[in-house]
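Student: Sequence:
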Amino acid sequence: MIQENFDDKLHDECGVYGVYLNKAQNGERPQNVTSPCYFGLYSLQHRGQESSGIAVYDGNQIKVKKDIGLVGDVFNKEDLAALSGYAAVGHVRYSTAGGKGVENAQPMVSQMKLGGVAVAHNGQLVNYEQLREMLEETGSTFNSSSDTEVIVKLIAKSYKKGLERALTDTIQMIKGSFALCVLTENGLVGARDPNGIRPLCLGKLGNGWILSSESCAIDAVNGTFVRDILPGEIVIINDDGVLSFEFGEKTSKRSCIFEYIYFGRPDSVMDGISIEEARHRMGSTLAKESPVNADLVVGVPDSGLGAAIGYSRAAGIPYSNAIVKNKYIGRTFIAPTQKERENMVYVKLNALKSE
1 MIQENFDDKL HDECGVYGVY LNKAQNGERP QNVTSPCYFG LYSLQHRGQE SSGIAVYDGN
61 QIKVKKDIGL VGDVFNKEDL AALSGYAAVG HVRYSTAGGK GVENAQPMVS QMKLGGVAVA
121 HNGQLVNYEQ LREMLEETGS TFNSSSDTEV IVKLIAKSYK KGLERALTDT IQMIKGSFAL
181 CVLTENGLVG ARDPNGIRPL CLGKLGNGWI LSSESCAIDA VNGTFVRDIL PGEIVIINDD
241 GVLSFEFGEK TSKRSCIFEY IYFGRPDSVM DGISIEEARH RMGSTLAKES PVNADLVVGV
301 PDSGLGAAIG YSRAAGIPYS NAIVKNKYIG RTFIAPTQKE RENMVYVKLN ALKSE
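If you count by this note's numbering, then the sequence shown holds residues 1 to 355, one letter each, in order.
Don't read these hints as lab results, they were simulated from the structure.
What you are looking at is a predicted structure, and each value in this text was computed from that prediction instead of being measured.
Watch out, some of these pointers could steer you wrong.
Unchecked claim - Computed cross-link-like contacts, DSBU-like style, restricted to lysine-lysine with a CA-CA straight-line distance of at most 35 Å:
1. K325 / K353
2. K204 / K175
3. K65 / K325
The whole structure should be built from the sequences, with the hints applied where relevant.
Tutor: Okay, here's the thing in structure tokens:
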């Protein structure tokens, strides 16, 4: 039994999503951005189940709806209708830095004289406490315990320099893992940390654009995957298209292996690597490195299935679905406490006695 005070959970996983709809050929501005953003977030639900939120810009103001709960529970038809606009960012959260309260739900929005900004962040800042202390010493106040609010405050602090400069200044100050979707009154912005620890990709949706933590959420809205955002890259999306530039010094790429082992959805492709194929190869490698004399290979649903199939094929041992998963139970690994995770496993998984 793992001790209750031992924290073995993942510390920087969330899902971010952004949509920008260009003007139609007749010059009219679409106002239905919430629909693709909603369904995109639905496809990223596996990345965070504690809170959900969407912020939308309609040409006049940034509106936001966020709360504790799954995407389907937080938003009803009336909410989606009220969030009309042509640019949006969305977020599903698993608590990392900060507690589980609604004050830590994202996107986080700040209204300034020069315009509003909404930030959706997947990652964890290792210099969060130092940056927060610096901001408080210069008069900033905070309404949450999330490191994302530090990013919002830093952008606001430099916003009068212009969007590109404010983002560059902010990103050069933050350290750690981050994939950002930022909504401003000038467009949609995506950024990925210099090591590429957290995933972020670009997609096309008609004559508009998508930013997403995973490619599966681009497929879900009938979009077309374009490419991964590069480590250390910022993209600015507006009516002129996609502007890309790099920030900081070149560093070695260090993608989080846990994305491929556990967190990514099997139908996603990250940095050119299929999640499902990566799991097959891991299982195959394990079979070669650690052969066993066994009758069956059984995968633990759901993320363990791909590796089990790979092991079965490489070892020549039959594969069987001998463990049943309760599909109404979410990811146990990202439950906030060890006790909760242990209790959820008993409800989530059960063995087929016949196997």
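Student: For every hint, state whether the structure bears it out.
Tutor: Results for each hint:
{"no.": "1", "hint": "K325 / K353", "in the structure": "14 Å, holds"}
{"no.": "2", "hint": "K204 / K175", "in the structure": "30 Å, holds"}
{"no.": "3", "hint": "K65 / K325", "in the structure": "32 Å, holds"}
In this structure, none of the earlier numbered hints is contradicted; all agree with it.
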